[in-house]
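Asks: Residue strings, one per chain:
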Amino acid sequence: MPEEPAFAVHVSEPEPGIELVALNGDLDFASGGEASAALAALNGDPRRVVVDLSGVGFVDSSGVKMLVAAARAVEDDGGTFVVCAASAAVRRVIDILHLDQVVRVVETPAEAVAAIRDGAPGEVKS
Amino acid sequence: LTSGAQRRRLLVGGIVAVLALAALAGNFAWRQYDDGKRHALNELRARVVLAAAVFDTYFGGEISQLRTIAETPAVRDENTASMRAYFRRVQPLNGTAFSGGLGWIDRDGQVRASSGPTRTGPALNVADRGYFRTVLATDKPFISGGLISRHGQRRLIVMAVPTHDANGRLSGVLAGALRLQQSAPSKQSVALGFQGIVVIDRDGQELTLTSFAHPANTALVRLMRKHQAEVLSDTRGLTGAGGRVVAYATTPLAGWITAIDRSPSGVFASARRVLALQLASIVAAALLILGLLIWIFRRASRNAVAERQRSEIAAELTRSLADAYTSNDVAAALATALSKSFAGSAAVVGLAEGSRGELTLAAVAGERPSTIPVGDPVLLAPAAAAYERGTKQIASGQAAVAKAFPDLQRAAARGIATVYATPILGRRGGRLGAVALLLADQVPFAATDDALVEAHLEQAIQALGRTFRQERDHEVAVELQRSLLPTELPAQDDVAFAARYHAGGTGVEVGGDWYDAVRRPDGVLHVSVGDVAGRGIAAATLMAQLRNAFRAYVFDCTSPAEITRRLRRHIPSGGMVTTVCLTFDPYTRRFGYSLAGHPPILILDGTTGTVSAHSAAGSPPLGFASAESITEEWLTLPEPATVVAYTDGLVERRGVNIDAGIERIVAVLAETKGSHAGQTAEALLTGAVAEDAIDDDAALVVMQAAVVPALFDIEIPADARVMSTLRRRLETWLCLRGIDETERIDAVLAVHEACINSIEHGYQLNGGTVWLRVEHGGDTLAIAVEDSGTWRPPTPDPSRGRGTQIMEATMQATDITHGAAGTRVALRQRLGTSAGVTPAV
Numbered sequence: 002m003p004e005e006p007a008f009a010v011h012v013s014e015p016e017p018g019i020e021l022v023a024l025n026g027d028l029d030f031a032s033g034g035e036a037s038a039a040l041a042a043l044n045g046d047p048r049r050v051v052v053d054l055s056g057v058g059f060v061d062s063s064g065v066k067m068l069v070a071a072a073r074a075v076e077d078d079g080g081t082f083v084v085c086a087a088s089a090a091v092r093r094v095i096d097i098l099h100l101d102q103v104v105r106v107v108e109t110p111a112e113a114v115a116a117i118r119d120g121a122p123g124e125v126k127s
Numbered sequence: 007l008t009s010g011a012q013r014r015r016l017l018v019g020g021i022v023a024v025l026a027l028a029a030l031a032g033n034f035a036w037r038q039y040d041d042g043k044r045h046a047l048n049e050l051r052a053r054v055v056l057a058a059a060v061f062d063t064y065f066g067g068e069i070s071q072l073r074t075i076a077e078t079p080a081v082r083d084e085n086t087a088s089m090r091a092y093f094r095r096v097q098p099l100n101g102t103a104f105s106g107g108l109g110w111i112d113r114d115g116q117v118r119a120s121s122g123p124t125r126t127g128p129a130l131n132v133a134d135r136g137y138f139r140t141v142l143a144t145d146k147p148f149i150s151g152g153l154i155s156r157h158g159q160r161r162l163i164v165m166a167v168p169t170h171d172a173n174g175r176l177s178g179v180l181a182g183a184l185r186l187q188q189s190a191p192s193k194q195s196v197a198l199g200f201q202g203i204v205v206i207d208r209d210g211q212e213l214t215l216t217s218f219a220h221p222a223n224t225a226l227v228r229l230m231r232k233h234q235a236e237v238l239s240d241t242r243g244l245t246g247a248g249g250r251v252v253a254y255a256t257t258p259l260a261g262w263i264t265a266i267d268r269s270p271s272g273v274f275a276s277a278r279r280v281l282a283l284q285l286a287s288i289v290a291a292a293l294l295i296l297g298l299l300i301w302i303f304r305r306a307s308r309n310a311v312a313e314r315q316r317s318e319i320a321a322e323l324t325r326s327l328a329d330a331y332t333s334n335d336v337a338a339a340l341a342t343a344l345s346k347s348f349a350g351s352a353a354v355v356g357l358a359e360g361s362r363g364e365l366t367l368a369a370v371a372g373e374r375p376s377t378i379p380v381g382d383p384v385l386l387a388p389a390a391a392a393y394e395r396g397t398k399q400i401a402s403g404q405a406a407v408a409k410a411f412p413d414l415q416r417a418a419a420r421g422i423a424t425v426y427a428t429p430i431l432g433r434r435g436g437r438l439g440a441v442a443l444l445l446a447d448q449v450p451f452a453a454t455d456d457a458l459v460e461a462h463l464e465q466a467i468q469a470l471g472r473t474f475r476q477e478r479d480h481e482v483a484v485e486l487q488r489s490l491l492p493t494e495l496p497a498q499d500d501v502a503f504a505a506r507y508h509a510g511g512t513g514v515e516v517g518g519d520w521y522d523a524v525r526r527p528d529g530v531l532h533v534s535v536g537d538v539a540g541r542g543i544a545a546a547t548l549m550a551q552l553r554n555a556f557r558a559y560v561f562d563c564t565s566p567a568e569i570t571r572r573l574r575r576h577i578p579s580g581g582m583v584t585t586v587c588l589t590f591d592p593y594t595r596r597f598g599y600s601l602a603g604h605p606p607i608l609i610l611d612g613t614t615g616t617v618s619a620h621s622a623a624g625s626p627p628l629g630f631a632s633a634e635s636i637t638e639e640w641l642t643l644p645e646p647a648t649v650v651a652y653t654d655g656l657v658e659r660r661g662v663n664i665d666a667g668i669e670r671i672v673a674v675l676a677e678t679k680g681s682h683a684g685q686t687a688e689a690l691l692t693g694a695v696a697e698d699a700i701d702d703d704a705a706l707v708v709m710q711a712a713v714v715p716a717l718f719d720i721e722i723p724a725d726a727r728v729m730s731t732l733r734r735r736l737e738t739w740l741c742l743r744g745i746d747e748t749e750r751i752d753a754v755l756a757v758h759e760a761c762i763n764s765i766e767h768g769y770q771l772n773g774g775t776v777w778l779r780v781e782h783g784g785d786t787l788a789i790a791v792e793d794s795g796t797w798r799p800p801t802p803d804p805s806r807g808r809g810t811q812i813m814e815a816t817m818q819a820t821d822i823t824h825g826a827a828g829t830r831v832a833l834r835q836r837l838g839t840s841a842g843v844t845p846a847v
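The listed protein sequences derive, respectively, from chains A and B.
Counting from 2, one number per residue, gives the positions in the first sequence under this note's numbering.
Counting from 7, one number per residue, gives the positions in the second sequence under this note's numbering.
In isolation and in its complexed conformation, chain B is listed as follows (with noise of 0.2 Å):
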């Protein structure tokens, strides 16, 4: 019975069996009620026959009687006398032979003698009755029709006989007279099946009635007088009543007709009764089966749809494992499977967490019980005593839920009747969760609901077994990840930086994507980020080893572009690396990018709000582009600015434009005006995230450069060669602090000499670190340069030097002291009156 259909049409070909076999045995039934009615016909007829014949017979033995009387001698001899006594002695007063008497009748008709008592009067004579003169006629036995006595009006039939004298001559008549009594129509007689048995004499008399009346329908009378016997159904009876079952038979030797006359019920009673019964047993034998039928139909169909529902909440969970990624994933598809497998209930998972396997809520599916939420601990109860206890845990009707878990009881508005949880056991024993049913309804578990619950968990442990392994593998991996990542990024001179790294789906290999940031000790900032392709330790190696790199580099090369040609030596034949590098100065708020294959670079203006995507500086992906390619851009940045740099992780998705997750960050972006470096950080990882999961791995800093900082403070090799660039880099910051061009040039040609003064006396030229600190406060600049050289005096002007002569005549204030650990000269001049004296040479 595998299909709804398959079944359905056995169901219609069992009804339509079960209705042809009972129209079948109806048809033999109703062939059998014919029969029967025919029989019950044939058995009237007989029994008309039979009391015809009980009739002749009868009337044969009175007759012979009569006859051996006739031929007794006092007959004969015509002796009255003894002729009386002879009579009364056969029939005695009341006797039973003739119980109307016995008496010779003269061929006068004079009655002359009689077994009745001595009569006075006058001899009765009877010779105008019709049997004295038929007997006469014709000196043959006759029985007479009903008659009615002359004295005493008594109901008679007589039978009469001739008699003979001693040479044969007829001498008379001899009759005998039958009493008609009315009496009940006996047990015996309807049992026989004579009931409504009528006798009806030639003259059409009916002997049986009181009245001797004439039955109403004389063309029945007539009928039957022709025919000896015959049965007729369905036959105006004698009564003219239609509808009637008549039977009759003639009796020879009376000339009576003997007739039962009945209604059809009465004669087919029998045969009607046993079609009825018979009708009966086939109507409920089909319905019997018919039932039966229905009922095996709606249970194997609800069987088969409750298998059905099985086997696809089993595909449904295998499905769900199949593509769960975390435990959670598993615990979810399990707590599905489990409600939905027990109608009516609310499953709960808990898995073991942390290193002390801590039982926590992991999913809730089907019929919650009302009022409680889904993070409520409380659904958790009756899984965690079934995790704590590792065995079975059932409670079952509402006193006994209340009694083991009280305070799940009290939460559930509804109530819960039933508690079914089991714990969930590792292959090798080890707890790894648990799982509770909750119903509203008590209901009982039988072991096939255990081996369902069973067969959901084997399925669930399996796939536990390789997320928990993902899980930690992942863990590890995103350590590891995360190891290779700074901790902090430089933050100082008013630019502040965030960055976020987002490891990608639950893979178990680490990314290749990277970000670093350093602040060289010239102030100027160096960011990169970058994207290794593929995972895994190959990736990961080559990472580090470029990260490496690039903190290298930064600190003899300013040029973006460089770094990048630079960094495109570490890439291995077939490597592919895509990278981005920012040099910013935040004294000059100069910004320069080089960008190899990677995603273009967002700034936010501050003021404004806009945001502009920059590429023109790119080049294709590392290991593809040749040096030449790799160009770079330099712009300033606005006051203030955002910068943000990210691998195409964050930005890109399967089936989308890269173009439009570019748009979406930089809408992300431009919301974020006047937040600081981490909001905007995060901000741009949940927008990138919001609209669907980031499966790839992601990196992004965020460089915020908010004003030019009022203090210039920054090391410098000892090296006269770095002093062109120092001196412009110090002009465009007094420039951008609004300092006027007198004292910017008086500025910078103090800071020089001084500078000079530690490269050439304090270091003697070979080189050393010289500490330069100008603050813009006021209308104050205060200038201090420090080496930690061995002051030799110039010579041969061991005084003044012109690089003094010129601090002082720059400068208001100007100290120079030497010490141990080196020269200090601290400078003061105070903005907006006029430069200082001019001395002489």
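In isolation and in its complexed conformation, chain A is listed as follows (with noise of 0.2 Å):
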């Protein structure tokens, strides 16, 4: 029974203008004031940004709420904002709480990237 990998925050550039914060471990009660904050941190104006869920096993309602926020506040700003998860369980979060009615959400950091580049930043919203 190790103790598991703290959650943890990977910010890059993959294109010019386009942010990808990779985030790592549960996006839970505990940790999405962390991912929050790292979410608020970033710079652009307005921001064009990729919330990467591939190392997230765990997202819960608490780290829905806290990507709703975050989608808000960039979007409001004018920006994008585009969530990729691949886990089963994630993704099942994602449909009850019907998160890809507010949020673009796609499979690979790729899909998302390729997304931002080709599609209006008024344009991602479905």
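None of these hints come from the bench; they were simulated from the model.
Please note: incorrect hints may appear among the correct ones.
[As the list claims (entries may be wrong)] Result set (EDC-like, lysine to aspartate or glutamate): computed pairs, CA atoms no more than 20 Å apart in a straight line:
1) A:Lys66 <-> B:Glu645
2) A:Lys66 <-> B:Glu766
3) A:Lys66 <-> A:Asp96
4) B:Lys679 <-> B:Glu645
5) B:Lys398 <-> B:Glu364
6) B:Lys679 <-> B:Glu766
Since each chain sits alone in its own frame, please combine them into the complex, following the hints.
Replies: Next comes the structure, spelled out in structure tokens:
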């Protein structure tokens, strides 16, 4: 029963003007604050943000709430916010809470980056 | 007389000395016998010379009487008438002087006058007789040999002297005859030593014989004539028979030989008698002395053997008592010594036990009365009597024994004829127990026997004082040790524990071995087994401290290595402790261990029956190990599995490799497949003891994890940070319970949201306890999450939070109850059906 790795945030810029925020660990009530702080600290206006949940095995309701809040903040500033999620547990929560109706959700980071590059900021929202 | 060889040399010396003395005495006796023989011969010679002298004296007297008669006038005048009258006066009829008669013979040989009766007819003429002719020829007296009278045929000896007339001319011969009469040898003559006397005249006739025969041995007669007197030993006798003793002497007057011819037995009878007597006395004396010597030797040998036996028994008793650890050891040594000291006896030793001092059978040795089994309390009856009365109890004879101890006598097939029992009295007069000797034979007990028993008891009492003290102290120490160890180990969630503590040897000090097991509220189990080096209060104190520290650390630390590292801080400098810390989650079957200088843990796979030993995560003992060297290893336990952790006392033996000890208990453990934890612990302890006594303390914990429990029942702190661990444990448990992934995701989500609700809304993030029960029964998962907080509805969405939305979406039934005591969330999910509806936002 070894201790699991702590929650980690990794920010990179795969293309100029696009920020890729990779979250690692479980995004829940305990780690949500950390993730939201990392997202709030991002620069660029309007921002184009991809939140990569490939390294997240679990998202709870507060995690979803945090993602929705972050997406709203970015979009209110005229930016673009895309989430990519792969794991079944994460997809299950997204489905239950209909996150995909509020935020654009794709499967892989590459897809997300392509969607931001190709689409107009306003077009991303489905 | 110290040694047997010395005694034997003395005995042989004594025998040789006695034989030498006997030989010397025999030699003296023999020489005395020779002297006696010589003396007997001399005496014989003296006798025969004496006899010859007697004859000469006699004949000398007779001759001078005849001469006197010859000079009387009647004879000188040749007056026959007066001669006859005179003769008859001198020699009346049947007179003794000349028993054959007295007569005068003229020169012509005519008997002219005689003392005999007057005869008719012509006068008797003896001119042809030798004596007549010799006297006429020599004019000297003469004594004849044996003659036979012309008339009357009588045996005579004639003594003759010449007669002269007034002118001095030879006128004739005066003859006096002696009649020889056959007579038995008188007693007197035999007593005087004249037995066997023989007289031989000049012609060689034996005068003593009726026939005047000549002796057969003419050579001897010739020899006798040559010498005057002599004794011949071992010669041919007169009859010609050999081996005779002959003594002889010649009489000059009559010219006779006087001889004694006897058998040597007659002659030497006295000497031989003396010799025989002497030899007999010598032999008797020698035999007596030899007998005495041998008797003394045997007695001395017997005494020496008995003495040696006694001292050997005493020495053995001293040795056994020195080695005795327990009072029963002392009793056994005492019983052995007593039974050996009294041949053919059975020795029974009883010792006072318990607070009431009840006498219990402690040892039996020797020739137990047949048919009575060793443990039979009837054996104890005599000792019990002595113990109760406090005095010596003696019964002699079968009847007496039967009267005093009827049950005992009935039980003994051969019968008991002697019972000797005496109490064992301590220094201060207290009764420590009693001993009894039982013998089939009737044996008297002497004062020396009493002393012997007393001596044995004295030694035993000393040892008993020591063992009693030790046993009391040991009991206290063991009691103390046990008080420091847990009385109960957790048992639930299909995990069973059993522990054993073995107090090594009979030491009086508390050991430093411990074991403990804790079930945390979150269901995680922690086990610790350890051994503080050394004994006594310091070791016990450190052990208690480590145990308490362990119990504290497990509540905020799951890692066995980390717990071990924290325990390490408690070790004083110079101290040494070996430990094993185990962590086991019964819901995930994850099992971690960390060893510090400790023997490997053993895991029995309950399905295959194979045992594996694990020691990969090992460090030096605490006190030597650095924090970094302490590691841990995680495994997943098979289902079912048995884990054994133990201190080295269980596997360590003097002179035996520790690996051999481990192999032994591995073998024992492999045999316990299917046993429950208690049986397994017992088997391991027994198996370890089987080969030779465990002399060190040993602690042992068996943890038996049967199957994954159907109920996930834990409590957690109301802290969101514990949730990720909880989710993983729950996920693994659900997986092990065979629930598929979709349903696992839903269940974990629902539980998580319920818990977060309690943490966030129930306790308002102020902390508290959340109780979680997930029960998997049949095709249903029943979830209950409870808190004792005060519910504050979430804002700004008071009716339905996202958490509730998730619960309702994942579960078929959701029931949230808010009460004064807290909130209870009950969820139910039917498995195997599709997930719940997806509500709209």
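Asks: The structure should be examined with respect to each hint, and the outcome stated for every one.
Replies: To see whether the hints hold, each was checked on the structure:
1. A:Lys66 <-> B:Glu645: It is violated: about 41 Å lies between the C-alpha atoms, which goes past 20 Å.
2. A:Lys66 <-> B:Glu766: Since the Cα atoms of Lys66 of chain A and Glu766 of chain B sit roughly 15 Å apart, the hinted pair holds (cutoff 20 Å).
3. A:Lys66 <-> A:Asp96: 14 Å, holds
4. B:Lys679 <-> B:Glu645: 12 Å, holds
5. B:Lys398 <-> B:Glu364: Distance ~18 Å between Lys398 of chain B and Glu364 of chain B Cα, so the pair holds.
6. B:Lys679 <-> B:Glu766: 48 Å, violated
Violated hints, listed in ascending order, are 1 and 6; each of the other numbered hints is respected by the structure.
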